[in-house]
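Asks: Here's the letter readout for the chains.
2 protein chains.
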Amino acid sequence: MTVSKTVRVGVISGSTRVVRAGPQIAAWVRDIIEKDLKQTPAPGGVALEFETIDLGALGLPLLDEPGIPAHIGTAEGYTHEHTRAWSRQVAALDGFVFVTAQHNWGIPAGLKNAIDYLYNEWRGKPFMVVTYGGHGGVHAAAALQLVLGGGLKMLALKETVNLTYPGKDVFDKCARGQPLGLPPAGTATIWQDRQEDIAKTWRELAASLATKAEKAT
Amino acid sequence: MTVSKTVRVGVISGSTRVVRAGPQIAAWVRDIIEKDLKQTPAPGGVALEFETIDLGALGLPLLDEPGIPAHIGTAEGYTHEHTRAWSRQVAALDGFVFVTAQHNWGIPAGLKNAIDYLYNEWRGKPFMVVTYGGHGGVHAAAALQLVLGGGLKMLALKETVNLTYPGKDVFDKCARGQPLGLPPAGTATIWQDRQEDIAKTWRELAASLATKAEKAT
Numbered sequence: 007m008t009v010s011k012t013v014r015v016g017v018i019s020g021s022t023r024v025v026r027a028g029p030q031i032a033a034w035v036r037d038i039i040e041k042d043l044k045q046t047p048a049p050g051g052v053a054l055e056f057e058t059i060d061l062g063a064l065g066l067p068l069l070d071e072p073g074i075p076a077h078i079g080t081a082e083g084y085t086h087e088h089t090r091a092w093s094r095q096v097a098a099l100d101g102f103v104f105v106t107a108q109h110n111w112g113i114p115a116g117l118k119n120a121i122d123y124l125y126n127e128w129r130g131k132p133f134m135v136v137t138y139g140g141h142g143g144v145h146a147a148a149a150l151q152l153v154l155g156g157g158l159k160m161l162a163l164k165e166t167v168n169l170t171y172p173g174k175d176v177f178d179k180c181a182r183g184q185p186l187g188l189p190p191a192g193t194a195t196i197w198q199d200r201q202e203d204i205a206k207t208w209r210e211l212a213a214s215l216a217t218k219a220e221k222a223t
Numbered sequence: 007m008t009v010s011k012t013v014r015v016g017v018i019s020g021s022t023r024v025v026r027a028g029p030q031i032a033a034w035v036r037d038i039i040e041k042d043l044k045q046t047p048a049p050g051g052v053a054l055e056f057e058t059i060d061l062g063a064l065g066l067p068l069l070d071e072p073g074i075p076a077h078i079g080t081a082e083g084y085t086h087e088h089t090r091a092w093s094r095q096v097a098a099l100d101g102f103v104f105v106t107a108q109h110n111w112g113i114p115a116g117l118k119n120a121i122d123y124l125y126n127e128w129r130g131k132p133f134m135v136v137t138y139g140g141h142g143g144v145h146a147a148a149a150l151q152l153v154l155g156g157g158l159k160m161l162a163l164k165e166t167v168n169l170t171y172p173g174k175d176v177f178d179k180c181a182r183g184q185p186l187g188l189p190p191a192g193t194a195t196i197w198q199d200r201q202e203d204i205a206k207t208w209r210e211l212a213a214s215l216a217t218k219a220e221k222a223t
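As given, the protein sequences belong to chains A and B, one line each in that order. When you read off a place in the first sequence, starting at 1, and then add 6, the result is the number in the working numbering. When you read off a place in the second sequence, starting at 1, and then add 6, the result is the number in the working numbering.
Note that these hints are calculated values from the structure, not bench results. Hints may be right or wrong, so weigh each one.
Because identical chains cannot be distinguished in the list, a pair is counted as satisfied if it fits within a single copy or across any two copies.
Claimed, not checked - Subject to a maximum C-alpha distance of 20 angstroms in a straight line, what follows is the list of computed SDA-like cross-link-like pairs (lysine to any residue):
hint, residue 1, residue 2
1, 179, 71
2, 179, 140
3, 44, 185
4, 174, 74
5, 179, 53
6, 174, 78
Let the hints inform the model, and build the full structure from the sequences given.
Replies: Next up, the structure:
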């Protein structure tokens, strides 16, 4: 069956630190996905559009809404314009690729903050998780799977992708926000061996997006 | 052995929502602990002082320090005065009682933010966790144990205390920041049955604080 609907995927760079490596890693992940799509088109003839969201640039303050997000149905239900804009942006997307660092064995506060601002805008949508860190960020990945899949009733894939720094020099570059020499996809990079994991997980997300798009038509 | 050092315990109310029940629940927990201390003094003759910290009133912005907290040794190493003040406040405390809600099966962003601002100020210090929520906040408790015990190398107790709302009316009061009718300790409240859990867990924290104080003398 051919699905005419265009499916929109948000690639969310979760790091909001002043000095951060998140945006370049998110760009690298998106590059791998778009390259893979040229070789393996999404099932059901789904047309895909990508939108990168750098939470550091978005600049949401620490949650300042008086209401409970789960009780609010539309962007107009929020008090602040920054929340209404964020609500509209997330509501317009059909699925998500979360790319994040791990802070103290958990989700970075800036990412958790952006997530907790909303509820119905996330609910039921499929997502994949890519973490990075000295040990791959496995604790942040598990916490994020639980929050998004359990707390927000989104559709989690079984596996997450965890990018482990190959050495202290890479950690130092990440900490300083220096170039990691990642793009373009398909060429030698520090995480060359994880490119196939990202592509494989992406294809599962694409299948989940296609299934949802088919049901919606 | 008598320990002359006064041990200082921070009771941290983790909620930073505009409308929040956290401070009244934290006050109730502190009341139970202080009442229990009159009946069961801390081991080793430890003298105790308590300081309540309401993170909502503290008003830290979303992490805006350029450095990695683990690499910073003193308050003067931070860029912003709000971080230096927070560093001094936490460094002066010997142990902690974390009282927090659960947001979307995870740690509230405001609490994670306040935690992630620092590193060496937390390290090695004992803590206990009290969560509250519709299902007691067990996911937030587990995430917090992992972040504080694993990520920050603090001393976790084995058990956490999870306060489950007895009904929707209590949830609604919490959501609206209305009085829950909690204090004073020892009288009938919605969580009357959990008072002994709080006191029991507190006695374990007091023993841990006494052991640390003894080693330090």
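Asks: Does each hint hold? Answer for all of them.
Replies: Hint-by-hint comparison with the structure:
no. : hint      : result
1   : 179 - 71  : between (36 angstroms within a copy, 17 angstroms between copies)
2   : 179 - 140 : within (12 angstroms within a copy, 43 angstroms between copies)
3   : 44 - 185  : neither (27 angstroms within a copy, 58 angstroms between copies)
4   : 174 - 74  : between (42 angstroms within a copy, 14 angstroms between copies)
5   : 179 - 53  : neither (36 angstroms within a copy, 46 angstroms between copies)
6   : 174 - 78  : between (45 angstroms within a copy, 18 angstroms between copies)
Hints 3 and 5 from the list above are not met by this structure, while the remaining hints are.
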